[in-house]
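Number of protein chains: 2
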Amino acid sequence: MKIILDVMGGDNPASEFVKGAVLAHDRFIAENCDAEIILCGNERVIREALQRLRRSADMFAIVHAEDYVTMEDDPMSIVQIHKDSSMSRALKYVSDGKADACVSAGNTGALFTGATLIERRIRGVRRAALAMVLPYECPVLALDCGANVSVTVEYLVQFAYLGSVYMEKVMGVEKPRIGLLNNGAEAHKGTALYVETNKMLREASDLNFIGNVEAKDVQFNKCDVLVTDGFTGNIMLKSCEGISKFIMDKINNELFGGIGGKLSSLIRRSEVAKILKTFDVTEYGGAPFLGLAKPVIKAHGNSDANAVMNAVMQAVKYVDTGVIEYIGACADRFPKIVVNDKEK
Amino acid sequence: MKIILDVMGGDNPASEFVKGAVLAHDRFIAENCDAEIILCGNERVIREALQRLRRSADMFAIVHAEDYVTMEDDPMSIVQIHKDSSMSRALKYVSDGKADACVSAGNTGALFTGATLIERRIRGVRRAALAMVLPYECPVLALDCGANVSVTVEYLVQFAYLGSVYMEKVMGVEKPRIGLLNNGAEAHKGTALYVETNKMLREASDLNFIGNVEAKDVQFNKCDVLVTDGFTGNIMLKSCEGISKFIMDKINNELFGGIGGKLSSLIRRSEVAKILKTFDVTEYGGAPFLGLAKPVIKAHGNSDANAVMNAVMQAVKYVDTGVIEYIGACADRFPKIVVNDKEK
Numbered sequence: 010m011k012i013i014l015d016v017m018g019g020d021n022p023a024s025e026f027v028k029g030a031v032l033a034h035d036r037f038i039a040e041n042c043d044a045e046i047i048l049c050g051n052e053r054v055i056r057e058a059l060q061r062l063r064r065s066a067d068m069f070a071i072v073h074a075e076d077y078v079t080m081e082d083d084p085m086s087i088v089q090i091h092k093d094s095s096m097s098r099a100l101k102y103v104s105d106g107k108a109d110a111c112v113s114a115g116n117t118g119a120l121f122t123g124a125t126l127i128e129r130r131i132r133g134v135r136r137a138a139l140a141m142v143l144p145y146e147c148p149v150l151a152l153d154c155g156a157n158v159s160v161t162v163e164y165l166v167q168f169a170y171l172g173s174v175y176m177e178k179v180m181g182v183e184k185p186r187i188g189l190l191n192n193g194a195e196a197h198k199g200t201a202l203y204v205e206t207n208k209m210l211r212e213a214s215d216l217n218f219i220g221n222v223e224a225k226d227v228q229f230n231k232c233d234v235l236v237t238d239g240f241t242g243n244i245m246l247k248s249c250e251g252i253s254k255f256i257m258d259k260i261n262n263e264l265f266g267g268i269g270g271k272l273s274s275l276i277r278r279s280e281v282a283k284i285l286k287t288f289d290v291t292e293y294g295g296a297p298f299l300g301l302a303k304p305v306i307k308a309h310g311n312s313d314a315n316a317v318m319n320a321v322m323q324a325v326k327y328v329d330t331g332v333i334e335y336i337g338a339c340a341d342r343f344p345k346i347v348v349n350d351k352e353k
Numbered sequence: 010m011k012i013i014l015d016v017m018g019g020d021n022p023a024s025e026f027v028k029g030a031v032l033a034h035d036r037f038i039a040e041n042c043d044a045e046i047i048l049c050g051n052e053r054v055i056r057e058a059l060q061r062l063r064r065s066a067d068m069f070a071i072v073h074a075e076d077y078v079t080m081e082d083d084p085m086s087i088v089q090i091h092k093d094s095s096m097s098r099a100l101k102y103v104s105d106g107k108a109d110a111c112v113s114a115g116n117t118g119a120l121f122t123g124a125t126l127i128e129r130r131i132r133g134v135r136r137a138a139l140a141m142v143l144p145y146e147c148p149v150l151a152l153d154c155g156a157n158v159s160v161t162v163e164y165l166v167q168f169a170y171l172g173s174v175y176m177e178k179v180m181g182v183e184k185p186r187i188g189l190l191n192n193g194a195e196a197h198k199g200t201a202l203y204v205e206t207n208k209m210l211r212e213a214s215d216l217n218f219i220g221n222v223e224a225k226d227v228q229f230n231k232c233d234v235l236v237t238d239g240f241t242g243n244i245m246l247k248s249c250e251g252i253s254k255f256i257m258d259k260i261n262n263e264l265f266g267g268i269g270g271k272l273s274s275l276i277r278r279s280e281v282a283k284i285l286k287t288f289d290v291t292e293y294g295g296a297p298f299l300g301l302a303k304p305v306i307k308a309h310g311n312s313d314a315n316a317v318m319n320a321v322m323q324a325v326k327y328v329d330t331g332v333i334e335y336i337g338a339c340a341d342r343f344p345k346i347v348v349n350d351k352e353k
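Here the protein sequences come in this chain order: W and E.
According to my numbering, the first sequence is numbered sequentially starting from 10.
According to my numbering, the second sequence is numbered sequentially starting from 10.
Keep in mind that the hints were calculated from the coordinates and are not lab data.
Among the hints, a few may not be true.
You can't tell identical chains apart in this list, so a pair holds if it fits in one copy or across any two.
Below, computed lysine-lysine pairings styled on DSBU-like, alpha-carbon distance capped at 30 Å [stated by the list, open to error]: (1) K254 / K11; (2) K198 / K11; (3) K259 / K184; (4) K198 / K345; (5) K259 / K11; (6) K178 / K303.
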């Protein structure tokens, strides 16, 4: 299996991605995993980074690209002015069959647009969704986590189906419980779009829809799949990220610093750090775009080498599960909703 | 000053509200505060609760109401089948000038609808907003926190003005920094509604608009006022509530329980509990509906006696600040936006 890694366009320099690739490579060997990594980006920079890591300049195949997509670029730029960028070339390598999966930490909108246009969607799927497994009391697959900022009822209902297949086939959850993220548990809660989506999901007899789920209950084993639009999903995840960092800072200052400083010798900071790491999205590995015809994994924008390694491992796992084939086999029965359904 | 407290319709029984009123009453005395509390609800239940607390049955004036609004009731029910409920009667007491402020922990939608129809809005204000001060590194006033699930560009722009006046006049912040909660910092991020709102806020030269703010940055002194719609605001707050409870549980189990149990004698649980209490919304006191012509304070649905006391104290403070008069004096210059602006 071949994984192509876009080493440019994340918040960190390309050398951090090369380091992540080296970590993943070493893990492949340790775990006897038959996979290899192709690096996509500026060849000179990559070789220099390998040299600084005292690794052979030839340990990875390299696909050279001078250009790259920045976080500020328009999503469509990936097929226009940045059509020769590292992200675009990595995606094309997969669509050409020269690699099995693509990993990038770059601009989410550009990666989503590029992946949709270059890899295409599975037949019957209206929109792919960025799907992330949240490591709570019981793992929750949240989708969409930021790709589709504007959605329709149809997109949301299809996200429920995509998530249900993923949790059943990849995570082995029988009849996954589908929840709709909303501002209240009652069916009449939320915007008109959410009220209508709740109604359509209740009518979908082949889904195990359990109703609306509030953001304060997501952590506590309420559902296996959490359906949301990309705007709201982003706010939920980033709120969790911000608050856990804020708590970490407070614990470090108030429990370990100042008058509590003496306690630092009694309890290990690492105990607290370990707990709070649960909420560090860079630890989650990458998130696949569910519904695409080829595996594309989005790593967190500020991924460090460890996060890059996790995302590469996630790509290997994603290819291995064959979930794309599972979705392909059942996407024909995904509902198509056309009445009064425009993006909101 | 007279504060009328709706003792029914929260998640906890009326007796908990009576207990909260007693706590607030005792604090008034301790702090030499010239305020009194009127209780609104079932008179028999209130007198029984006072008796159980070994307090005089006559320590509070009581406005009797048999009926109450439940969390499941439709918002409009407060002026229809529940027009004689404790919530409705408490609101009318204020509009009739018999009390200076109303506090309720009941159904947010019903309280918002009732408050808008009974107290009315300040002239020039299109929609009142539920405004909450978040106790982060630097306090952030977030609005709307759940009253207006569907909004227009005009509502959001007006929320920015309401919040700016509040932070300047009540919290003493000079030129409050206004941020727009969004899924990315760039001006083109978000739904069409948010892109347009960002544009209008940039054009509002009398506001100190600093641009979009991501949910992961709200905690870290990025802005003084955070503008959002009620749906998104609810998701943000409830995400923080859920994740902080989840962290609390994990710390209790992993740091104090099991093999780490022996540590419990070395560090006090209360240190951690104190930190995490920062994120307990029941500690925040109540949230005012900014933009109404009379003070109405929403307490958290699951308020305990302590939270009720905090909400009553917040009501006293809110009346004292005279913020309603400040808003009244400048609401005429709030922008009115009519083009292409329908609720989304």
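These are the hints, each one checked on the structure:
1. In the homo-oligomer, the alpha carbons of K254 and K11 never lie at most 30 Å apart, since the shortest distance is 35 Å inside one protomer and 41 Å across protomers.
2. For the homomeric pair K198 and K11, neither the shortest alpha-carbon distance inside one copy (46 Å) nor that between copies (34 Å) is at most 30 Å.
3. Taking the closest pair of Cα atoms, K259 and K184 come within 30 Å of each other only across two copies (28 Å); inside a single copy the shortest separation is 40 Å, beyond that limit.
4. Taking the shortest alpha-carbon separations for K198 and K345, both the intra-copy value of 24 Å and the inter-copy value of 28 Å come in at or below 30 Å.
5. In this assembly of identical chains, K259 and K11 lie within 30 Å of each other by CA distance neither inside one copy nor across copies; the values are 43 Å within and 38 Å between.
6. In this homomeric assembly, K178 and K303 come within 30 Å of each other (Cα to Cα) only inside a single copy, at 17 Å, whereas the closest approach across copies is 56 Å.
Hint check: violations occur at hints 1, 2 and 5; the rest are consistent with the structure.
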